[in-house]
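Participant: The chain contents come next:
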Amino acid sequence: MDLAGGTGSLLRRWWHWLLLLAGVATLQWLFRTVDSFPAGLDTFFSDPIDRFARWSQANRRTHWLFTTIFNPFSDAVRVGLNSVESALLWVPWFVLPIAVFLLVARSRNRLQAVVASLAMAYPGVVGLWEVTVETLALMTIAVLFSVLLGVPLGVACALHQRVNQAMRPVLDAMQTVPAPVYFVPMALFFGIGAVPATMATVIYALPPVVRLTTLGIMEVPSQAVEASTVFGASRRQTLRKVQLPMAMPTIMAGVTQTIMMALGIVVLATLLGAGGLGQEVMATLTQRRTGRGIATGLTVVAIAVVLDRVGRAIAGMDRSTAPGRMVTGMAIGGVLSLVLVGRVVGWIDFPEMWDVKAFDPIDDLMDWIRDNLRWFTRGMNDAVIIWFYLPVRDFLTETLAWPVLVFGTAWTGWRVRNWHLAVFIAGALTFIGLIGMWDLSIDTLTQVVAAVILSVVIAIPVGIWAGQSRRVEAALGPLLDAFQTIPSLVYIIPAVTLFTVGVVPGIIASVIYALPPGVRITALGISQVPEESLEASEMFGASPRQTLIRVRLPLAAATIMVGINQVIMMVLAMVIISGLVGGGGLGFETVSAVKNSDVGIGFEVGAAIVAMAMVLDRLTQAGADRFRPPAAT
Amino acid sequence: MVADDWDQFPEGVYEAMRTGRSSRIIIGVLVALAVLASGCGDADEAKPNITLVTNPWTASFLNVAVAEQILENEMGYSVEVINIDENEAMFTGLADGTLDAVLEIWPSGITVGEQAFFDDGSVVNIGELGVIGKIGWFVPRYIVDEHPELATWEGYRSAEAGALFSIAETGDKGRFLGTDPSYSQFDEYIIANLNLPFEVMYSGSEPATVAELDARVSAHEPILMYWWTPTAAVSVFDLVNVPLPPYTEKCGASQAAGDDGVDCDYPEDVIIKAASGKLREKAPDVFEFLNAFTITTDDQLEMLPGAEIDGEDVADVAAKWISAHKDVWSAWVK
Amino acid sequence: MTIGEGQSASLEVEGVWKVFGQRPDRALAMADDGRSRAEIQEVTGQTIGVRDVSFEAHKGETFVVMGLSGSGKSTLVRCVARLTDVTRGVVRLDGRDLTAMDEADLRQIRRDKMSMVFQHFGLFPHRRVIDNVGYGLEVQGLRRDERHERAERVLDLVGLEGWGDHYPQQLSGGMQQRVGLARALVVEPAVLFFDEPFSALDPLIRREMQEELLRLQASMHRTIVFVTHDFDEAIKLGDRIAIMKDGEFDQVGTAEDLITRPATDYVREFTKAVSRAKVLTASSVMDDDAVVPASRSVSRGTSVEAIIALLLADPEPIAVVGEDGERVGSVDRSAVIELI
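Residue numbers (the working numbering), protein chains in the order written: chain A, 1173 to 1805; chain B, 494 to 827; chain C, 582 to 921.
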């Protein structure tokens, strides 16, 4: 054998690994004495922003920017919020549950109608209707804004290639940015209270409606558009009479998603003083009333159920099965006359039948768990910290010189995609370091990695299980929905009692929040494997295990990677929550910045989270692409 | 008249359906409802809305609930309550009139930037609330019983003291549990300047602090933390204050500036109330009322256990206090 | 080439039923009372996929199940291969009852004796062609080099030499189905199931693949159960053909049987469009008694098409002879014209 040629081919095969090794060794040696990232731009952004913040606070009452634009706008939004709120409180209590029942029953699903109606009644039954209304008002206005902004934007994207190209990265970024990051700048422009919370919610919830509007219009068959054109319709007419109506189901799906996203953020909105359910949850938890916290959290779940069922009923209705005009008109008339009767009789507020005290037994259960399972929860807590969190964090921040991490991550980006990604990663990480967020980001990264590993370890097997059985999937559905909608504060504070203040409760909350998309997308990937491929495998005598490992998993791998990507994004969205229970890192820094209206720091923390999110997002997306079978040629 | 119409209502609707005028009928009903709605407004139109601030601790909820109920029931105002953190944004809100008054400001927490609002008159000090607050270091009583040397700060200089309070994250150092980052805290500086083997870990929020306190006390474990009086937790968990080196002028200056020179105890806080500079003009009687408004430490301690421990509704607790102390508050309402 | 005459097996299907739904027993009870498929669907909500089907595919025979979509033919082949469990009835492979077999035995018999070619190919997009073909060997636990060696030989056989390192989706549809065919052949099955394997292909490619299959079968003589909706394909490939409708067999027989003696109008409809000259042979058109003088002779199995060619060249009647050369009848112009 030709020895030289052998070495040559070996070199060819392994040279990128050698490059990694050499780079790591050189950088580690070169930077062995450098302690931490030189924060060259530590105040580069924060100082001017702080200056602007001070200026805006000083000039809020005088400068035209505020007196003619932001303040009147804020006032208008506030009026909107108040009117929705008083309108909801004005309606007699029994009307909404009945209206919801009728609306859902229209799609001929009586059971769902009853469920939705009960869910509608729940907040009032436990005596939280007034607080819930505040939240509903915020959501309504926020969703209204999102739709008013999002649908035209989506249409513009669909019709103009250039707008689409410009919007795409913006939407990508908006979806990667964890919601709390928006809070700080919003407070700058809109002051305090419900208005900045509303605007932060609008930004957070906007992407789905834009995307799905674009998608819906693009999906309209070109023949339909051509037919319309042939009949001499103008572009506007075609849009209004053909494209928009045909895209409506997709647009509605986008609106539903927007509503759900808005719902997901309302409890966090309490940080900006928006009041409502978030504040109520915080207050009950300060009193160590776990049961009442759960009761309050369930109102959010109940609203989600109502919105989901109503949304589905509307989306699932077609002209052939919908009841006739007369029935509909009777129903509307009936509801309106109920309103009339309620107002005239004065039967308006929810009768006090029950309240959150009914949930107090849960507190005793909590105490029992605290006293009897402490050995386990504490042991787990300390194990995670001593064996994972501390060593990994210290290794990344103290043992490794910072350029090694930048180089190593960029190298990974290069291997999974190309050098563009490598350059992007190196830039993003360097940026984090330069603005002085290196150590905090690594701290958070360590927690994120722990949460992602845990979520993936749970979500993938469960997802595989659910993906192979419709029944399992259906049974898991409500649980996953609840995980996704119940405000995490409700379970994270009890988690503190069990695990102690620190990174672990935050990790647990992140896992719970990230599980649903992880499980769902894995299940989707598994169930989407073509039936014929599975039959083929079975036909050749493969055992179920062989089929799973050799056919199902490889074919679902790309989708599962997308699920992991989603898990990472969800975990990042929970970073701020971990800051509320002693998680330190960027989370605590965000909480601190928001609570102290520290805009400069707030911007830096936000930027660091965004940079981290984008790096992780692109890396995992590129990873997912590598799992896709090669495309047809 | 409405009742008369009601009899024929369904028929009218039915008729409209048949003749395709349903939309007109529905609009008609909506208009009727709107008229009805406008006639039903119960707040006095002439009186402006009053916005009071609560900060995220129970005592603040209680004070505001008392004021809110008296303003609404006795003076006919409609009151909106906004919960925000005690920070510059709150002062900005007071200054521009978005917020009308805050009833519990801890002077030790006023920053230089916040002081500027008082100085230019956009926010007005409307007198003492009547409560003397004290922030400080607290431990459960059993710690002092078992380790008498830990009754004062000098006992915390030893490595053993550090080890006693250590947890997984802090290694051999002791953990000092800090709290919600919006509360004024100088513990990092105090620990550094007094050279104590401790490390501050922030709980991040008050519920988290309480949860941790509950966990430690129920297991009879050591905990050293930032806390304050008056609170129900002090009696519920039987906490004792650990005195730090006495407060000095120089140290106080460091506290106000927020620099790293703090090496003394937190001062006793004579809690004050503040109002928007615009309130006097907007609603003079509310301004006078809030000016006179007083809640003493005893009053707070009377209300706190109900709200913090028994988990009663804050509004109910406040209502109970109002009905028991008519003699006290009737003097505020002129 | 290793795939030659070798193992082959007989397949017996006896009274097989397949009911879809939660309560098959109710549907079966109604069916036993003689109620129709639609009636049962209406009352119980259960769908009858296969209704009391029996047949036998002999060793080395190509048995074609022909039916339109919804006729139950795909369900039937899945029942026979036990990709789905039958509701009632028995399937025997060389006398062994497949329907009663446990998972492990079934797996073993599949590894040893069966394989299948799918309508949409059922290839694994994440595996290279060579690993697709070697899949059956892989699950049997064969070593990699042995798998590859055998797979490559079969790839040569189906005309795909040199394509092993490509991914299936990089190949054209016809080539993909050749991969599917190779994958089925490499395990040397006794029984081969074909589920509309060529229906997704262009007509030209389809014909090419049919020829390919005939060529292979000519040398290997496997038992084949072939499902199709294309009557031309059925008569081209099938030794015997079953016409399936509404889950039942309308008629089973050779192409000639079906054309000359359709049992129902439904069958007749199919046979109408068929070019009879291609399918029918001398034995269907000859006059058994007529002992006319003839200078030429053809065998019984000669297609009518060939006879026409002869008659066009020379209108004189032609003698038909049996296997032993004895004269069994004769064909003349009028008989052929009558047929066409």
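The set of hints was computed from the structure by calculation and includes no laboratory data. Treat the hints with care, as some may be off.
Computed list of lysine-lysine pairs in BS3-like fashion (alpha-carbon distance at most 30 Å, straight line) [claimed, not checked]: (1) B:LYS813 with A:LYS1529; (2) C:LYS859 with C:LYS826; (3) B:LYS540 with B:LYS743; (4) C:LYS826 with C:LYS640; (5) A:LYS1529 with B:LYS819; (6) B:LYS743 with B:LYS775.
Here chain A is said to cover these stretches of chain C; the calculated rule only asks that three of the stretch's residues, wherever they fall, bring their Cβ under 8 Å from a Cβ of chain A [claimed, not checked]: (7) 726–740; (8) 790–800; (9) 851–857.
Keep in mind it's a predicted model, so treat the numbers as computed, not measured. Built from N, CA and C at the ideal position, the CB exists for glycine as well.
Participant: Does each hint hold? Answer for all of them.
Facilitator: Hint by hint, here is what the structure shows:
1. B:LYS813 with A:LYS1529: holds, 19 Å
2. C:LYS859 with C:LYS826: Since the Cα atoms of LYS859 (chain C) and LYS826 (chain C) sit roughly 25 Å apart, the hinted pair holds (cutoff 30 Å).
3. B:LYS540 with B:LYS743: With Cα atoms ~47 Å apart, LYS540 (chain B) and LYS743 (chain B) exceed 30 Å; violated.
4. C:LYS826 with C:LYS640: Holds. LYS826 (chain C) to LYS640 (chain C) sits at ~26 Å (cutoff 30 Å).
5. A:LYS1529 with B:LYS819: Cα-Cα ~29 Å, so holds.
6. B:LYS743 with B:LYS775: violated, 40 Å
7. 726–740: It is violated: at least three residues are needed, and the segment 726–740 of chain C offers just 0 whose Cβ sits closer than 8 Å to chain A.
8. 790–800: violated (count 0)
9. 851–857: Result for this restraint: violated, n = 0.
Violated hints for the displayed structure, listed by number in ascending order: 3, 6, 7, 8 and 9.
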